[in-house]
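Visitor: Line order of the protein sequences matches chains A and B. Per my numbering, residue 1 is the first one in the first sequence, and the count goes up by one each step. Per my numbering, residue 1 is the first one in the second sequence, and the count goes up by one each step.
Worth flagging that the hints you see were computed from the coordinates, not collected in a lab. Remember, predicted model here, so these are calculated numbers, not experimental data. Heads up, a few of these hints could be off.
Here are the simulated PhoX-like pairs of lysine-lysine, each with C-alpha atoms no more than 20 Å apart in a straight line [what the hints assert, rightly or not]:
id, chain 1, residue 1, chain 2, residue 2
1, A, K180, A, K199
2, B, K195, A, K195
3, B, K180, B, K199
4, A, K315, B, K315
Label pairs and their calculated CB-CB ranges [claimed, not checked]:
id, chain 1, residue 1, chain 2, residue 2, range
5, B, G291, A, L357, 26 to 34 Å
6, B, E181, A, L148, 35 to 43 Å
7, A, I384, B, A271, 23 to 31 Å
8, B, R353, A, K180, 54 to 62 Å
Glycine included, C-beta positions come from ideal geometry on N, C-alpha and C.
Number of protein chains: 2
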Amino acid sequence: MSTQDLSREQRVDQLYSRIHELLDRGETRKAQIIIEALLPADQAEIFRDLPDDEQLQILQGLPLEETADILEKLEDEEVAEIAGLLPPEQLANILDEMEPDEAADLLGDLPAEDAVRILGLMETQEEISPLLLHADETAGGLMTSEYLALGQNMWAERALEAIRQWAPEHEYLYYFVVDKEGHLVGVASLLQIIKASPKAELQSFMDRNRISATVDADQEACAQLMSWYDLTALPVVDDNQHLVGVITIDDIVDVLEDEATEDIQRLGGAAPLDKPYLRTSTWEVTRSRVGWLLLLFITGLITTSVMEHFEGVLKSVVALSIYVPLLIGTGGNAGSQTIATIIRALSVNEIDRKDALRVLWHEIRVGILMGLIVAIAGFLRAWIGEGDPLMGLTIGTAIGLIVFWSTSVGSLLPLIASLLGVDPTLVSGPLMSTVVDATGLFIYLTVAQWILSI
Amino acid sequence: MSTQDLSREQRVDQLYSRIHELLDRGETRKAQIIIEALLPADQAEIFRDLPDDEQLQILQGLPLEETADILEKLEDEEVAEIAGLLPPEQLANILDEMEPDEAADLLGDLPAEDAVRILGLMETQEEISPLLLHADETAGGLMTSEYLALGQNMWAERALEAIRQWAPEHEYLYYFVVDKEGHLVGVASLLQIIKASPKAELQSFMDRNRISATVDADQEACAQLMSWYDLTALPVVDDNQHLVGVITIDDIVDVLEDEATEDIQRLGGAAPLDKPYLRTSTWEVTRSRVGWLLLLFITGLITTSVMEHFEGVLKSVVALSIYVPLLIGTGGNAGSQTIATIIRALSVNEIDRKDALRVLWHEIRVGILMGLIVAIAGFLRAWIGEGDPLMGLTIGTAIGLIVFWSTSVGSLLPLIASLLGVDPTLVSGPLMSTVVDATGLFIYLTVAQWILSI
Chain A
1 MSTQDLSREQ RVDQLYSRIH ELLDRGETRK AQIIIEALLP ADQAEIFRDL
51 PDDEQLQILQ GLPLEETADI LEKLEDEEVA EIAGLLPPEQ LANILDEMEP
101 DEAADLLGDL PAEDAVRILG LMETQEEISP LLLHADETAG GLMTSEYLAL
151 GQNMWAERAL EAIRQWAPEH EYLYYFVVDK EGHLVGVASL LQIIKASPKA
201 ELQSFMDRNR ISATVDADQE ACAQLMSWYD LTALPVVDDN QHLVGVITID
251 DIVDVLEDEA TEDIQRLGGA APLDKPYLRT STWEVTRSRV GWLLLLFITG
301 LITTSVMEHF EGVLKSVVAL SIYVPLLIGT GGNAGSQTIA TIIRALSVNE
351 IDRKDALRVL WHEIRVGILM GLIVAIAGFL RAWIGEGDPL MGLTIGTAIG
401 LIVFWSTSVG SLLPLIASLL GVDPTLVSGP LMSTVVDATG LFIYLTVAQW
451 ILSI
Chain B
1 MSTQDLSREQ RVDQLYSRIH ELLDRGETRK AQIIIEALLP ADQAEIFRDL
51 PDDEQLQILQ GLPLEETADI LEKLEDEEVA EIAGLLPPEQ LANILDEMEP
101 DEAADLLGDL PAEDAVRILG LMETQEEISP LLLHADETAG GLMTSEYLAL
151 GQNMWAERAL EAIRQWAPEH EYLYYFVVDK EGHLVGVASL LQIIKASPKA
201 ELQSFMDRNR ISATVDADQE ACAQLMSWYD LTALPVVDDN QHLVGVITID
251 DIVDVLEDEA TEDIQRLGGA APLDKPYLRT STWEVTRSRV GWLLLLFITG
301 LITTSVMEHF EGVLKSVVAL SIYVPLLIGT GGNAGSQTIA TIIRALSVNE
351 IDRKDALRVL WHEIRVGILM GLIVAIAGFL RAWIGEGDPL MGLTIGTAIG
401 LIVFWSTSVG SLLPLIASLL GVDPTLVSGP LMSTVVDATG LFIYLTVAQW
451 ILSI
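Start from the sequences and build out the full structure, keeping to the hints where you can.
Guide: Shown next, in the form of structure tokens:
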């Protein structure tokens, strides 16, 4: 970043201390003046770290638009918390200043009764209500109703006049064009409109090649569509192709970040956190993880049963137990490698369910190759370590089979989950380890029984 | 997606078959006509799956701009492959039609001699050369030199005229304003320019609040800056604040997806793949994983040493080995949960290195709580399973300590990596498992020695 940006974090930290100090001394007005001079994103960063009472101090007397800007930049849960502290009238006024899609999101996070009461107090009620009907993570939940639809028979100069008079908070590069019944028929850029001859009808120069999403489309699918076609705005239509809203690129950037966070946290076997990490309490973090950890503990008991089943084998050759951690560890690693590749290929749509057999076949070949390589390493280690070629053969064969098996399982698990309509990241990571641990032990000790003829 | 989009994949698949058939029969012109009728993104999707010879068939006779559009949508490695097949003159002509940043990327992927020769044949040589100086993953590598800088003393009507006459491939919503020396001084939107009175100077209404990146800034940092401030274009400046390029939002969307893919693949312990999954050969996939798997195998040998160290203990109480997979598995799971949370918090900048102690303290408390809960479960299982309260105490104590320990290690490893300037995802996932396995075994068997006084 440039010099002023490199130190953005320090600058924000410094401002935070200063504002905190002023509020502490009761000099609210001075603190507000500093806040007002900042960009919304920085305002939000400082604001979110202030104690509850100081947040309220700031909000009293801050212009409504400023408050709306700050709340728009905060995480959903943080906003819901602050909203709970404000008198309903003030909250309604702030919501009126927010972008419709953000206001609808916030209302959706409040207890139903509160949401209804506050909606009743709002001026933009009619604009917001339809947005409340859609689930948060769909195109309908993501879109804004603040858009300007232009008629296809409009002259360029009239369209330009309409755009000039319409003063949205966000500026748009593209404007969507509809027919008399409100069906989406095309798109025109501001530059096209400026360049067109004043009396040209929009339909004479607009672009007809339309990509759109229906209101119930998944937000991740919308993100991919926009990313693939390089769109900065995606029109949302109902089942009859009527234009009902627009998704803008800044919302999609947030969706992509959130979805990647969810994927990564789920792969690690923890429920995604709704709040920034340092704002979540010990108990909230524990709650997001402990259920899954206990579930895995219970499934992990299968390994204990497998070990008990082979207790005789383990007793007669104690050296076998020495290799247990190495063998199941290696199996887990091979499985993780595969699963990470497959999950990501699934989530960026490089592959889908119908490719299951091709993927399995790909991974079977990879598994055989990797299994052979690791088998040689295992054979050498155990032969030298135990001074017994039969032990070498046991460990080598077992580790080779385990790597082959984990690679194949690692490719199938996410695809099966996706077929069953379950999020592949959920059943991958730690669940895969447990499956691979138990089956790997079974493979290992069966091989040992054969080769060492116990 | 709307009906036409829901079936986009099938539609593309169908078109692919049709085009493949036509090319096979030598009806190249017909295939080209179909290709030309599609959007660039769809053209690229069909094109990338065609065999090499059919790709060349298509490219011969396709207008240069169409070819440029297709190549821009493909992955870097795919383009480099195709570029290698084309005569240098044709390639130079195609590159002239591409966006400067994409053309520079492509040249950067070619062997140095070829790149120099082709650059010499290009008309846009002067525009591209400066872009070649910057590393691919920096602001300089990401920016385009195709931008229009407006002078601060320009009248609104003159600026509008300049914008009208400038016909870039991409349309821009914001235009950056510079002083006489070319220093970045502000930004004006197209709408602001339209609305301003014709003789108003840009500096009288432009926005002075400037966020910019220097040419050597990391691309991920640029993505975060744009996401945080909701920018659709980010100006890039040199060390003297001269405007040298612009990064557009569509590039950032790609960066975010690529970075998340890299994170996820590294967490799984595989080197990121450069090509779409199904296009990589068995050998390429194996190569991306086998080195890491062998390295982990070698570090995993520490577990074998720990087990050998305690061979006496394991021999005298064989039941102890039965719990080995469960204990190290649970430790690994607790560690993965923590690491996933921390890695993601680091990569979306919720925390940074200076928060290391706060994070550790947070995770220590979480670890104690989780350790206690799992200890109770372990105690009950082993007491009931072995009919011996001392075994219950051993397993319960060991598993509690292991969970506490793995949680703490899981929070520290990524932070230490980040302090050392290593990518935290690299040392996390599988490496963490190995560390936790070895130390976990040591904790377990030491606890057993004490409690069972072996």
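Visitor: Please go over all the hints and tell whether each is borne out by the structure.
Guide: Right, here's what the structure says about each hint:
1. Distance hint between K180(A) and K199(A) is fulfilled; the C-alpha atoms sit about 19 Å from each other, no more than 20 Å.
2. Proposed proximity of K195(B) and K195(A) is supported: the alpha carbons are some 16 Å apart, at most 20 Å.
3. For the hint pairing K180(B) with K199(B), the CA-to-CA distance comes to about 19 Å; that is within 20 Å, so the pair holds.
4. The hinted pair formed by K315(A) and K315(B) meets the criterion: a straight-line CA distance of about 8 Å does not exceed 20 Å.
5. Judged by the Cβ atoms, the range 26 to 34 Å given for G291(B) and L357(A) holds: they are separated by roughly 28 Å.
6. A hinted range of 35 to 43 Å for the beta carbons of E181(B) and L148(A) is consistent with their spacing of about 39 Å.
7. Range check, I384(A) to A271(B): about 29 Å between beta-carbon atoms, so the 23 to 31 Å window is met.
8. Our hint of 54 to 62 Å for R353(B) and K180(A) holds, since their Cβ atoms are close to 60 Å apart.
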